[in-house]
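Please model the entire structure based on the sequences and the hints provided.
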Amino acid sequence: MNLGKYVAIGVVLVIVFGLFSGVGTYNGLVDAEEGVARAWANVETNYQRRSDLIPNLVNTVRGAADFEQETLEAVTNARARATSINLDASDLSDPARLAEFRTAQEGLSGALGRLLMVTENYPELRATEAFRDLQSQLEGTENRISVARRDYNAAVAAYNQRVRRFPGSLVAGITGFERRTPFEAQAGAEKAPEVDFNS
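Quick note: the sequence shown uses this note's numbering, first residue 18, plus one each step.
Please keep in mind that the hints were generated in silico from the structure rather than gathered at the bench. For glycine and all other residues, C-beta sits at the position ideal for the given N, C-alpha and C. One or more hints might be untrue.
[Claimed, not checked] Distance condition first, Cα-Cα at most 25 Å in a straight line; then the derived SDA-like pairs of lysine to any residue: (1) K22 / L36; (2) K22 / I32; (3) K22 / F34; (4) K22 / F37; (5) K22 / S38; (6) K22 / V33; (7) K22 / G35.
[Said to hold, decoys possible] Derived CB-CB ranges, DEER-like: (8) E85 / S107: 21 to 29 Å; (9) N19 / R196: 42 to 50 Å; (10) E90 / E201: 25 to 33 Å; (11) N19 / A106: 51 to 59 Å.
What follows is the structure in structure tokens.
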């Protein structure tokens, strides 16, 4: 064989290796992106679970006490705002959309916290089985939300790392993979709201 054939074989091998490497990197990006989408779906599911509990809580409170109408309306309105914002996987690279979602959810958390604080003035309400059951479900849901947000942020960090590192950055640039936005709570909101009806 002459030198030209060795060079041609070498070039073909480099191209084949590059293609296999590119395909592997692309598939890794797809897997990481799907992980982000799964984690986000879990976040949304848990926020939806909380939203689904709120009408039962409002009705239980309204039925058991001559309750402050303004507080109940604030919770209902905050729930409506929070459930009106729907994000899909393409929105996760838009910090403004994610911030809008977060702000609405934090508004609901605040309104719910005020409602629960006011219930302390109604010991007969807090003693009902329905209220205690809702309390337990709400506490569990707040914990699930916290875990889901943490898992989402871990998936985003892993995905963003793949997008930024070579050769992922090259493949991501060519194929349109964009960085995703982590879920960032406001300062002081790193803990789930404390829901305690036992005091």
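Hint check:
Of the pairs offered as hints, the one joining K22 and L36 holds, with about 21 Å between alpha carbons and a cut-off of 25 Å not exceeded. Between K22 and I32 the alpha-carbon distance is near 15 Å, which keeps this suggested pair within the 25 Å criterion. Straight-line distance between C-alpha atoms of K22 and F34 comes to about 18 Å, which keeps the hinted pair within the 25 Å bound. Distance hint between K22 and F37 is fulfilled; the C-alpha atoms sit about 22 Å from each other, no more than 25 Å.
About 24 Å separates the Cα atoms of K22 and S38, which keeps this hinted pair within 25 Å; it holds. Between K22 and V33 the alpha-carbon distance is near 16 Å, which keeps this suggested pair within the 25 Å criterion. Between the alpha carbons of K22 and G35 the distance comes to roughly 20 Å, so the proposed pair stays at or under 25 Å and holds. Between E85 and S107 the CB atoms are about 41 Å apart, so this pair departs from the stated range of 21 to 29 Å.
Taking the beta carbon of each, N19 and R196 are about 49 Å apart, inside 42 to 50 Å as hinted. The hint said 25 to 33 Å for the Cβ distance between E90 and E201, and at roughly 29 Å that hint holds. In this structure the supplied range 51 to 59 Å holds for N19 paired with A106, their Cβ-Cβ distance being about 53 Å.
When held up to the earlier numbered hints, the structure conflicts with hint 8 and nothing else.
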